[in-house]
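Protein chains in written order, with the numbering used here: chain A, 1 to 113; chain B, 114 to 226.
Derived from the structure by calculation, the hints contain no laboratory data.
The beta-carbon is built from N, C-alpha and C at its ideal position, and this holds for glycine as well.
Among the hints, a few may not be true.
Unchecked claim - Below, a list of computed lysine to any residue pairs in the SDA-like style, where the Cα atoms sit at most 20 Å apart: (1) Lys68(A) to Met29(A); (2) Lys37(A) to Val201(B); (3) Lys56(A) to Asn67(A); (4) Lys5(A) to His76(A); (5) Lys5(A) to Gly153(B); (6) Lys122(B) to Leu226(B); (7) Lys37(A) to Pro82(A); (8) Lys5(A) to Ser52(A); (9) Lys37(A) to Met154(B); (10) Lys37(A) to Gly153(B); (11) Lys37(A) to Glu219(B); (12) Lys37(A) to Phe216(B); (13) Lys37(A) to Arg157(B); (14) Lys68(A) to Tyr32(A); (15) Lys5(A) to Asp151(B); (16) Lys37(A) to Thr118(B).
Claimed, not checked - The following residues of chain B were derived to be distant from chain A, with all beta-carbon distances above 12 Å: (17) Lys127; (18) Gln130; (19) Asp139; (20) Gly176; (21) Leu192.
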Amino acid sequence: DQQVKQNSPSLSVQEGRISILNCDYTNSMFDYFLWYKKYPAEGPTFLISISSIKDKNEDGRFTVFLNKSAKHLSLHIVPSQPGDSAVYFCAASAWNQGGKLIFGQGTELSVKP
Amino acid sequence: NAGVTQTPKFQVLKTGQSMTLQCAQDMNHEYMSWYRQDPGMGLRLIHYSVGAGITDQGEVPNGYNVSRSTTEDFPLRLLSAAPSQTSVYFCASSYWQGTGELFFGEGSRLTVL
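Work out the full structure: start from the sequences and follow the hints.
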């Protein structure tokens with residue numbers, strides 16, 4: 001039972017345009033959400049997070065939106081750059097589940113020059 | 114700072130063999146965890162630990178053992194390797210229970226023949 005789902009395995013965008021990566025979750029107890037970025041042959045690195053008490057968090061070119069009623073979050077990258085090409089994972093945790101971080105399947109973003 | 118160090122980076126095993134994947138962190142993190150990454154499955158939590166002497170199961174614990182005798186080390190043991198355990202394994206740590214920023218190692222690629 002996949003609690004965190006990223007239904008798009010891949011996404012291709014033009015440099016300078018917006019990239020939107022989506023993530024859905026099923027566990028209503030999740031209260032903290034994160035995005036990680038992963039380059040080939042490297043470990044994932046933290047990108048941005050959002051608490052369930054917020055609906056938006058921004059960090060430079062990266063913005064995460066949370067829609068609790070739809071159990072949906074998205075990552076916006078504006079403007080997209082070729083160096084953003086990587087696999088992006090969303091992750092979620094619940095305070096009453098020992099803080100286990102559950103990841104989605106990942107979306108591979110390709111930004112074309 | 115070394116961060117999270119995993120060894121070995123690559124390993125080939127025969128079915129039924131045993132081995133230990135080593136993980137060490139030098140950030141004095143209480144929380145440590147093991148994930149496996151498989152195509153189309155994302156990162157799945159195997160086992161985690163919230164401190165020395167305390168471990169718990171994640172999403173896919175079968176076939177793996179862990180122990181946490183020190184804050185720094187969190188080895189993952191495969192007692193009798195199976196082809197289904199062919200994967201890339203990541204160790205990760207954070208200051209507190211899985212939420213906030215997880216720091217990942219570079220990964221260990223395991224092939225079981």
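For each hint, the structure was consulted:
no.	hint	verdict
1	Lys68(A) to Met29(A)	holds (11 Å)
2	Lys37(A) to Val201(B)	holds (16 Å)
3	Lys56(A) to Asn67(A)	holds (9 Å)
4	Lys5(A) to His76(A)	holds (17 Å)
5	Lys5(A) to Gly153(B)	holds (11 Å)
6	Lys122(B) to Leu226(B)	holds (17 Å)
7	Lys37(A) to Pro82(A)	holds (14 Å)
8	Lys5(A) to Ser52(A)	holds (17 Å)
9	Lys37(A) to Met154(B)	holds (16 Å)
10	Lys37(A) to Gly153(B)	holds (16 Å)
11	Lys37(A) to Glu219(B)	holds (13 Å)
12	Lys37(A) to Phe216(B)	holds (12 Å)
13	Lys37(A) to Arg157(B)	holds (16 Å)
14	Lys68(A) to Tyr32(A)	holds (11 Å)
15	Lys5(A) to Asp151(B)	holds (15 Å)
16	Lys37(A) to Thr118(B)	holds (19 Å)
17	Lys127	holds (25 Å)
18	Gln130	holds (25 Å)
19	Asp139	holds (15 Å)
20	Gly176	holds (19 Å)
21	Leu192	holds (23 Å)
In the structure shown, no violation is registered for any of the earlier numbered hints.
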